[in-house]
Amino acid sequence: MSSTSNVPAAATTGAGDTELAGVAAVEAGRSGRVPGWFVILWRNGKCRLGLVMLAGFVVVAVAAPLVTPYGPRVDDFGLSEGPSAAHWLGTTARGQDVFSQLVYGARTSLIVGIVAGVLSTVIALVIGLTAGYLQGVVDEVLSFLINLGLVVPVLPLMITLSAYAPVKGLGLVIIVIAVTGWAFGARIKRAQIITLRTRDYVTAAKFSGDGTMRIIFYEIAPNMTSLIVVGFMGSALGAIGAEAGLSFLGLGDPQTISWGTMLNQASAGGALLTGQWAWLVAPGVVLAGLITSFTLINFGVDALSNPHLRED
Amino acid sequence: MGYFLRRTGFFVATLWAAVTLNFLIPRLQPGDPAEAIVSRLTGKSEAVDPRQVEAIRRLLGTPDGSLLTQYWDYLGELVHGNFGLSYTYFPYTVTEVIGDAALWTVVLVGVTQILSFVIGTLLGAWAAYRRNSRVDSVITLGSTFVGTLPFFWIALLLIYVFAITLQWFPDGGGYGGGSTPGWSWLFFSDAFQHSVLPALSLLITGPIGWIIGMRNNMVQELGQDYARLARAKGLPQRRIALTYGARIAILPNVTGFAIALGSILGGTVLVETIFNYPGLGRLLLESVSNKDFPLMQALFLFTTIGVLVANFVADLLYGVLDPRVRRTEAA
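From first to last, the protein sequence lines are chains A and B. Here the numbering used here is used: position 218 in the first sequence is 218, and no number is missing along the way. Here the numbering used here is used: position 269 in the second sequence is 1269, and no number is missing along the way.
Read the hints as simulated data drawn from the structure, not as lab findings. Don't take every hint at face value.
Distance windows between CB atoms, simulated [claimed, not checked]:
{"no.": "1", "chain 1": "B", "residue 1": "1188", "chain 2": "A", "residue 2": "56", "range": "33 to 43 Å"}
{"no.": "2", "chain 1": "B", "residue 1": "1317", "chain 2": "A", "residue 2": "56", "range": "40 to 50 Å"}
{"no.": "3", "chain 1": "B", "residue 1": "1145", "chain 2": "A", "residue 2": "55", "range": "14 to 24 Å"}
{"no.": "4", "chain 1": "B", "residue 1": "1173", "chain 2": "A", "residue 2": "165", "range": "42 to 52 Å"}
{"no.": "5", "chain 1": "B", "residue 1": "1103", "chain 2": "A", "residue 2": "165", "range": "49 to 59 Å"}
{"no.": "6", "chain 1": "B", "residue 1": "1204", "chain 2": "A", "residue 2": "214", "range": "43 to 53 Å"}
{"no.": "7", "chain 1": "A", "residue 1": "270", "chain 2": "B", "residue 2": "1028", "range": "32 to 42 Å"}
Cβ coordinates follow ideal geometry from the N, Cα and C atoms, glycine included.
Model the full assembly from the supplied sequences, consistent with the hints where possible.
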């Protein structure tokens, strides 16, 4: 935040808000050892709830073996049993414990969300920022790529790509999701850097002889932090949903326990017919819970970039 | 005219990109999808038309000749509308199979998209008209909550409750065993019965985007100076909301609607698979699990072209509806 000294002049634009938020965050952070951005997030009631929920999912995912006594693939229980004291959510048609699968499935969703979210954010950053900063022919070409990525229907593209792949695996799912899901973020980041590229500090950096890549990624990008975080949350959210959808269709990794594969097996294994509502309902509820936690956190991240939305 | 020319240019360029993407995807993969499908096709008991085999080779890429001549041959097959044979539905051609399935999807998705648009826009406008009231928070929070639910999971629950427990509707398929497709009343009522649950699962999540979009646009419009002036003049609130706010706020939704119609296939793969509905989405998944590459590639191409055309129409429409867009793009 070397540029905070010239904020008042620019405070009316969105970018100015980001910088003001930075100042407020720094001040808020002085009161304790907690970082300023976290204080702002925590003060927002919705965001606090989202953070607590997400923390819950992370704890369960990390401590999975402590949460449930059975492994997710152990299949020596009774087949298609209803909920009981030993199996809280019943057992699958192959005799596996549904609750254990649910717990271990949180790992898959979180991993896919984080890794695919980071990958598509990086792609969006590189393409969006390069296009917006350089302008001219480079911008024309990259903008065309972005617009193309926006209009090509994502699910059929994901399905087609994963259909040809010789090996199915979680890595493939992540790559397919990242490759198909970066365009929206790139468009927003391109629009943002166009408003930032003529700032004084950029000119100063140019005159002091910094390279283009250094200006884009060291000077400008840090001023777009909240935009990048919101973009990441959106991509992670999309990735979690996409993984569930692909796995449900049977196009995911058959070796990985995920909420999507659970729903696929519940549907194929006759949960609808045997009346095992717990097997069917639980994966959807946790999936919705995880998505809700991301949505709630986004309310707070928005407040980070727009002080008008803050709750004190 | 600069705006329309530019949009047409973009349309042609994306069309070319989509066709080229469709050419590259099967060729990027390891192995030889064309030969795999040809050898499986010739394994069928009936004779295979050698011209069709040649078409499949040209579409999916058998490595003879340079990439450039392959590309030329591929374009030639496309221009002649020759998409090869379907492995799954042998001896029908890919075009015939897609034609049969398209009607199901277009009717199901067309109707639900229009209903979603109308319901969502009305609810969104209502929420904006009564903003910060109880109606507003019920609509806004309700749609945010429903939006977090995975919609294929909603579809599964609908089957569980209405098809299996209550037995009000059939649990899948496009029509029952008792009726045959045709222009008869029996068939139509049967097909309607089968479409209720798939339509319902599309309708539960469908309006959410329109609700949020319409509400946000309209709240913003009602805060503009012209709306304030109308209020100062003493115009009735309802008139300000409907003829001033809503008319302008609906513009972005109109373009969104054209795009939504174009993405018909993308959204229905899950629903059609769950309900075993005989449309394009289920066909796509079926072609994937059977490694029926000619059918899969053609479906991908058709879907993409559908979206591109819809986008193009939306762009043109937006230019006509909102003159400001033409001016800013020209500047």
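Right, here's what the structure says about each hint:
1. Judged by the Cβ atoms, the range 33 to 43 Å given for residue 1188 of chain B and residue 56 of chain A is violated: they are separated by roughly 50 Å.
2. The hinted range of 40 to 50 Å is satisfied by residue 1317 of chain B and residue 56 of chain A, whose Cβ atoms lie roughly 46 Å apart.
3. As the Cβ distance of residue 1145 of chain B to residue 55 of chain A is approximately 21 Å, the hint placing it in 14 to 24 Å holds.
4. Between residue 1173 of chain B and residue 165 of chain A, the C-beta spacing of about 31 Å breaks the proposed range 42 to 52 Å.
5. Here the CB-CB span from residue 1103 of chain B to residue 165 of chain A is close to 32 Å, at odds with the stated 49 to 59 Å.
6. Under the hint 43 to 53 Å, the C-beta atoms of residue 1204 of chain B and residue 214 of chain A, about 49 Å apart, fit the expected range.
7. Against the hinted window of 32 to 42 Å, the Cβ-Cβ separation of residue 270 of chain A and residue 1028 of chain B comes to about 39 Å, which satisfies the hint.
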